[in-house]
Amino acid sequence: MAHDYLKYVSDLQANSLQSLMQVHGQEVWNYAFLLTKNHHLADDIAQDVFLQVYLHIDSFRGQSSVRTWLFSITRNIAFNYKKSAFFRKAMLLDYIVPGAGAKSAEDQYMSRAYTDNIWELVLKLPAKYREVLILDARYEMPLAEIAVLLRLSIGTVKSRLHRARGKLKTYLEEADRHVGP
Amino acid sequence: MSDRKPDWYTRLKSGPFEEPIFDMKMQSAVELRSRSVKSAETNGKRRRAGAWAGGATAAALLALCALLFVPALGDPFRMAAGGGGGASEGGPAMTEVYVSAHLHVGMTEDQVKQAFGKPTEGMSVRRDFAASHVEDRTDIGTWTAVEAWRYDYEVRAGYEVQSDLGTDAGADKEGVRRGDIASQLVVIWKDGLVERAYYWYRDENGLAQAQYGPQMTSPDLPPSQAVSPEDNQTPDSPENPPEQPPEASPEESQVTTPSLPAANVGVRATGRSASGTFEIRPKKDGDERISLLGAPSCYGMETDLYFWGDYELYFRDAAGHETLVRELAGLEIVQRTDAVIQFLKYEWPGDKELFLFIPRYTDCHGLEFYAFGVDTKTGETSSFSFEQVVTTIDENETESTSRGESPYWTTSTAVKPVLEDGKLIVEGGRGAGQDGAIRYTFEPDWAKQRMNLLNREQIP
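Going down the list, the sequences are from chains H and U.
In terms of the numbering used here, the first sequence opens at residue 1 and continues consecutively.
In terms of the numbering used here, the second sequence opens at residue 1 and continues consecutively.
The set of hints was computed from the structure by calculation and includes no laboratory data.
Among these hints, one or two may not hold up.
In silico contact screen, one side only, chain H against chain U (beta carbon under 7 Å); selected entries [said to hold, decoys possible]:
| no. | residue |
| --- | --- |
| 1 | M21 |
| 2 | Q26 |
| 3 | Q47 |
| 4 | N76 |
| 5 | T115 |
| 6 | I118 |
| 7 | W119 |
| 8 | Y129 |
| 9 | R138 |
| 10 | Y139 |
| 11 | P142 |
| 12 | A144 |
| 13 | R165 |
| 14 | Y171 |
The structure displayed is predicted, hence computed values, not measured ones.
Even glycine gets a Cβ: it sits at the ideal position worked out from N, Cα and C.
The shape of chain U in the complex, shown without the other chains:
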């Protein structure tokens, strides 16, 4: 190809629009969203819904929050991002409102850093118990190891923070009471997730404490030393937090938070063929992210695992030779557990096997899926695209159709694709306000690695 650029290239040097569109208003919206990322997650709008369905609503809510909490939000974020610990002029460095809005049990370290910045200090303590000792997840006093992050806000110049994880969960309560420290936040970790947190600050009545997560014994108190609610004269007093776990709601006590699998290693999905095995793995040197879904939504439950990144599909034949079949960039996987996803398998006429990979297990409308195949005689693999027919109506109301290809297709959540007479029958997803769905009939062209669309049928 000639390197000489066409003359009309100069017309494309600017534009497409004269006026800047990504203006200060949009930039401010991003900044607000970055500050409220946890809130967005809680509302199930973390990535797309926040922009898609909730764009205007979220912006309005954020603007309202900004109006209500500008004094509270502005400084806390700045201080937290800086790691806390310093003094600041004017306004509190952190507020209970901000902590309540941005901290919750089950957050990952990254999420806490995003909301509060780097901790002032990471703390850990280990305890020796008898060999028969069994940890009670709900009771810190039984843990053989406790890890915590401490954030100090507005420390008086020259004051040395007193901290011992074995006492008051590592907080310098006296320092806060005297005003040497404006406030302190201590986050307790268990299996890489927030187990509970304490926030000490001063209000008009003196030392105040907010507690997030199970309200249990402090790490310094073994279970036998716990004070029963009856013994505690003022169980709700900030200075005398309830030492004995109060009655947790049944739902809360039943919740088990799954641990997150390691990112960038392992196999995410597999399909076993007569002539080898398909495996979908995180791309080498990739940047796979794994987190909890965080909030119930069309995509699943809040405790579901959310995988995101670039993946590669390999086929390993019987002799152990591996072939890269396809790359799946920016793939999203949502599953209840970290178990390896099994491809759906279809025996195809002519010594062929077709595999469907469905990355997510549920949706309100439809589930996208990818199709792969293998010739069991030759071991040759296929990665199918789907023929797509798009009908357009132009300005003169003339209807025309064009055919394209899609790397994946969408199936109903309830009725999975079936094989009939050498054809793949797919019931499409159902959107809100639609009457029925479309049933698609595909015939695979193994040579071209394409699913040819034979028929579309409207169904109730």
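Chain H with its partners taken away, still in its complex shape:
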């Protein structure tokens, strides 16, 4: 792994940070987006992840892969964002209004930009199923590593994954029915 040497590093040089961002930046952004379903939040979180990496590289001890470590930071930051005052301010309303009548321009743009419309269905999954599914399907992460990242038992990971696959299969079938023969 190109960045495994980071476990021996206490100060990250600018060029190493750049290299890390080039290799893992998009993955981190994707993961942040899939956690939050929000383009702008993903922008902010991904940038914060690498800022934290820069500031706390000495905390990386090589116990997991660099990618898993980055995902772990991404997850923490995403959850911290959800707890932040700004997010609470929005969520205190207890309403989520995606827009009256039609998809927002961003939604429309995003659905056009998906590599496959299956991603729209993935994003419909409840967060706990969505997360485990993308780590397994998109990132091909071993179940044991997913369990460490999500702080769950392997049994729980398997159970969630099973349900996630089941739900997505149902969504796919529904989508096929709507399209028709």
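Following the hints, position chain U against chain H.
Leaving out everything else, chain U in the frame of chain H:
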């Protein structure tokens, strides 16, 4: 579960988007932010506000700074990260502008390293005083020990830096004056925080000095040798820095910087039950970070302590047996002091006790809190989740509600949750632009460890 992957897995191998989004522009923004981390802290945007509320603004400001100071910022950072001491081609290795923007009293060693890299040399000196000697924090001459970091920038090849912490705070002023060293930065530490700093460099008039923090006597001068302002002919001259402390602003002289507690040890919060004690501690082998908040904000004052890390909640029963009740990952705690936080305690009907843990003491909107319980008869503990009702409006403007669970809830900063008739009444936080708040009524289901939401009431 079968290891066989569904066929549609192949459709998830790439994406979700075709175009890369974390592009060079974003990467550059990260690099700029990493260079300006101290500035971001000063503005209270260190972690979330910098990205949340100030995303576009900060990016614009940073871009402006970059345009203004590109020649000044580029090299200094690179040199500092390398630990200084070497020569570089083209442009100054460090500038007074950069030092002024990135160094301030009260920074931790980590923060200084982040801004300036590793020091060229760490220096320390100890002095013997009579047993009755009392240190004056504002006067280096009275300190029994002085510790400093020295950064040398652009040292001429072959030149040996002359340094003695007992003289000129360890700076090689003559070396800087002659041009053997482009500039030197000396950071003086007290209790692990920056007490003051000196930066020597050359300008068109020769040797120049910038001083950060209390402008006092040099470490080499005991108080009796200090030169009074009247004796000092040119107190503002770079070559003759004021030896006697000038009149500090009243606010500055009143400021006391709290010392940081040790990370990863101790108890951060506790609640005493009739049948035992709850304790929140940093996770074993965890990576707790403790720093000053750094800037006044919704989260508190700049001198408040900011704790961040993974924590564990234990319950120790009367016999001394400990049980791990819950893990609290990525928890943020902000408090005025390092005193152990006391849980709020509520006596519940049926020999039960409910405890609320509020990690932060203030906020502009609301404070998140966690709920734990214990059955005082059986000693069985509970860690509650809160039922959450989310109302959504779909594309056809059809309203629907769904119920979920949250590991914590948010309370008003002014009105703390109360117990009424076996129910927990929580006045929710207030957001900008909202009329009033929502009062939530929860009833604990002790068996399911869940706070069931019974009612939501809009209040002024």
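Checked hints:
1. Look at M21/H: its Cβ gets to within about 5 Å of chain U, closer than 7 Å, so that hint holds up.
2. Using the Cβ-Cβ criterion of 7 Å, the hint placing Q26/H at the interface with chain U is satisfied: the shortest such distance is roughly 5 Å.
3. Here the hint on Q47/H is kept, as its CB sits about 5 Å from the closest CB of chain U, short of 7 Å.
4. The restraint placing N76/H at the interface with chain U holds, with a minimum CB-CB distance near 4 Å, inside the 7 Å limit.
5. The restraint placing T115/H at the interface with chain U holds, with a minimum CB-CB distance near 3 Å, inside the 7 Å limit.
6. Because the smallest distance between the Cβ of I118/H and any Cβ of chain U comes to about 5 Å, under 7 Å, the interface hint for this residue holds.
7. Using the Cβ-Cβ criterion of 7 Å, the hint placing W119/H at the interface with chain U is satisfied: the shortest such distance is roughly 4 Å.
8. For Y129/H, the suggested interface contact is broken, since its CB lies about 13 Å from the closest CB of chain U, more than 7 Å.
9. A cut of 7 Å between beta carbons decides the hint on R138/H: the least distance to chain U is about 5 Å, and the hint holds.
10. A distance limit of 7 Å between C-beta atoms decides the matter here; for Y139/H the minimum to chain U is near 10 Å, and the interface restraint is violated.
11. Nearest Cβ of chain U to the Cβ of P142/H: about 11 Å, over the 7 Å cut. The hint is violated.
12. The restraint placing A144/H at the interface with chain U is violated, with a minimum CB-CB distance near 13 Å, outside the 7 Å limit.
13. Interface hint status for R165/H: upheld, as the beta-carbon distance to the closest one in chain U is roughly 6 Å, under 7 Å.
14. For Y171/H, the suggested interface contact is broken, since its CB lies about 10 Å from the closest CB of chain U, more than 7 Å.
The earlier numbered hints that this structure contradicts are 8, 10, 11, 12, 14.
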